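Keeping their order, the protein sequence lines are chains A and B.
Residue numbering for the first sequence follows the working numbering, starting at 988 and increasing by one per position.
Residue numbering for the second sequence follows the working numbering, starting at 988 and increasing by one per position.
These are computed hints drawn from the structure, not numbers from a lab.
Treat the numbers as computed from the prediction; the structure is a model and nothing was measured.
Keep in mind that the hints are not guaranteed to be accurate.
Copies of the same chain are indistinguishable here, so a pair counts whether it falls within one copy or spans any two.
[Said to hold, decoys possible] In silico BS3-like pairs for lysine-lysine, Cα to Cα no more than 25 angstroms straight-line:
#, residue 1, residue 2
1, K1224, K1270
2, K1105, K1243
3, K1278, K1090
4, K1270, K1243
5, K1161, K1090
6, K1190, K1224
7, K1161, K1132
8, K1161, K1243
9, K1161, K1105
10, K1270, K1343
11, K1343, K1224
12, K1090, K1037
13, K1128, K1190
14, K1132, K1190
15, K1243, K1278
2 protein chains.
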Amino acid sequence: MNVLLKNEGIPVENSLFIRALNRQSHDRTPVWLMRQAGRYLPEYREIRQKVRDFWELCQTPELACEVTLQPLRRYALDAAIVFSDILTIPHAMGFSLAFQEKKGPVFEKVFNHENALKDIQVDNIHERLAYVYDTVAMVRKNMPKDIPLIGFAGSPWTLACYMIEGQSSRDFDKVFQFLYHHPESMHELLNILADVVSAYLIKQAQSGAQALMIFDTWGGIMPALNYQRFNLNYIHKIVHSIRAACPETPVVVFGKGTAHWLPEIAQTGCQGISLDWTVDLAKARQLVGDKVALQGNLHPKVLLQSDEVIVREITQLLHSYGAGPGHVFNLGHGITPDVRPDAVQVLIETVRNVSKDLANG
Amino acid sequence: MNVLLKNEGIPVENSLFIRALNRQSHDRTPVWLMRQAGRYLPEYREIRQKVRDFWELCQTPELACEVTLQPLRRYALDAAIVFSDILTIPHAMGFSLAFQEKKGPVFEKVFNHENALKDIQVDNIHERLAYVYDTVAMVRKNMPKDIPLIGFAGSPWTLACYMIEGQSSRDFDKVFQFLYHHPESMHELLNILADVVSAYLIKQAQSGAQALMIFDTWGGIMPALNYQRFNLNYIHKIVHSIRAACPETPVVVFGKGTAHWLPEIAQTGCQGISLDWTVDLAKARQLVGDKVALQGNLHPKVLLQSDEVIVREITQLLHSYGAGPGHVFNLGHGITPDVRPDAVQVLIETVRNVSKDLANG
């Protein structure tokens, strides 16, 4: 478990991961995994037991730093992602969170048309988010210098969904009632969120993150005629703010259930699109051309199968992308808590071996 | 409520709905709604109270016929769909069902690799499905002659999901374990299901249905590299069997979360694709060209909003498709039980008025 200490002396901006996002040549495909720091690791569960809830873990830089680094000690990963949550922003805006076991996060009050915008606290919001910037800086300091660190945030639409619904939802009835009856208030909320998310991501980059990711978890529930106006336009705005402030920092957009919007997502100015497992890599590559890199997209359930199946499915997936740069290997969604840690080892070795062969023709 | 008795003397094969599926000219867009016979109607709830469960309602032709006709008495709909369920086929194969309030259907045993194919009862299966054919014939006899009747079935993959999981699922862990470890058994199961579904749909057409629909409810959960092999190829097989046996009967494929496969679905030989609410009609029309008609795709949550919002959203949707034939108006998913019956009236009037204006340029 000394992977963490390895430093091959390559400057981080020339790392495989950053090069892949810039669609530069490679000798193998870089790999990291969404939620690679998480409950499937016994050492994570050990730290988690020391705190009241998931939220306390996010808010304590020393512990968040430690769990960010845990997977790097076990596996030869090509990137780390800061341990945090997309709900840090609503929380800092005055929407307090309670984490309940099995139910996930629940807001103590919800955002609605009446209390609406006057209840949002934006003044000095970055002071209330300082613990995230502190975590980023601490991880950066304690991480191998050649491995890039990813900062992240939720998309404005996805954050609005949580703020209006008060929790994760199946139907999003409140969100849609708000959207259909108060489109102007929705735009006001999304605008505020886009500004805060932009500044938040830029500050993560300034604190030590080499790449930034926007999680559009709920983009896939949107009625077609609202998707661009109420979602993608705000992601576009964020990407442009980041590019202006830190032009060297690539931005990756993850969308779930948004495979039919790939060309439009590619036009936001982002450097990479992270794909869910339903998207054919060969088709996606054809659709976006050399405009953006692609990240993904192994079906997370593959990691629950035998080693033989894991090797077979990864090999097929890498071959479906084919040779050439512009691919970051990842799952199509986060690792689930029931994954065997050994399965992740098999994944990483397979990606390394198969993609080396592919790169060597 | 005398809409049912209206018969404008037009032969059913020249009805607006059938003409739209054949992309023939029209003076307005035809409209019907998935689950138009259902819990949002008080007269449906009255009938439902007389029986033990939803399943008994499906299996009693007189009652299933009655609830099929109910929405036609209230609304000027352009098609009816036989009141039934996609799980009739697994049930007839020996997988008994229990309907539990709020939980939905639960199978008394599940399909797994060990008991697998030997437990499936296919001999004389159409005798055990006769109640569906009887319902179709009864509805056809009691319906206005100029309104088309739609028969339907689930896709083999969707039926396999229910049979292997035993019930609706969030994660489909059992399904994917089966798929990844026993692909050959999965193909055997899907092949059997494709044959049964083909014969089932052909018999519905022969009993009086003028159009057929295949519901691929769970196509959207499939990993990209499995979608065509384990799903679309079987839909293709069914469409071809139907076209050979009843070449005059159009086939519509509904997929949820499969918007990124539209060109491939159009190549199954189907006449129409029914779209969920996330798909942009203008883009979809461009993608499939004049190969197939499109059905859909109002966001079902629009029907929970004010009349003003309903009119606005429908108008936008019809304009996004634009002028010209090949569109059947529908929701992007079934009507939910909390819809006001008056909202459906507003929907139908709006579709009629706006689409007439569009057709007249």
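Against the earlier hints, flag every one the structure doesn't satisfy and list their numbers going up.
When the structure is compared with the hints, numbers 2, 3, 7, 11 turn out to be violated.
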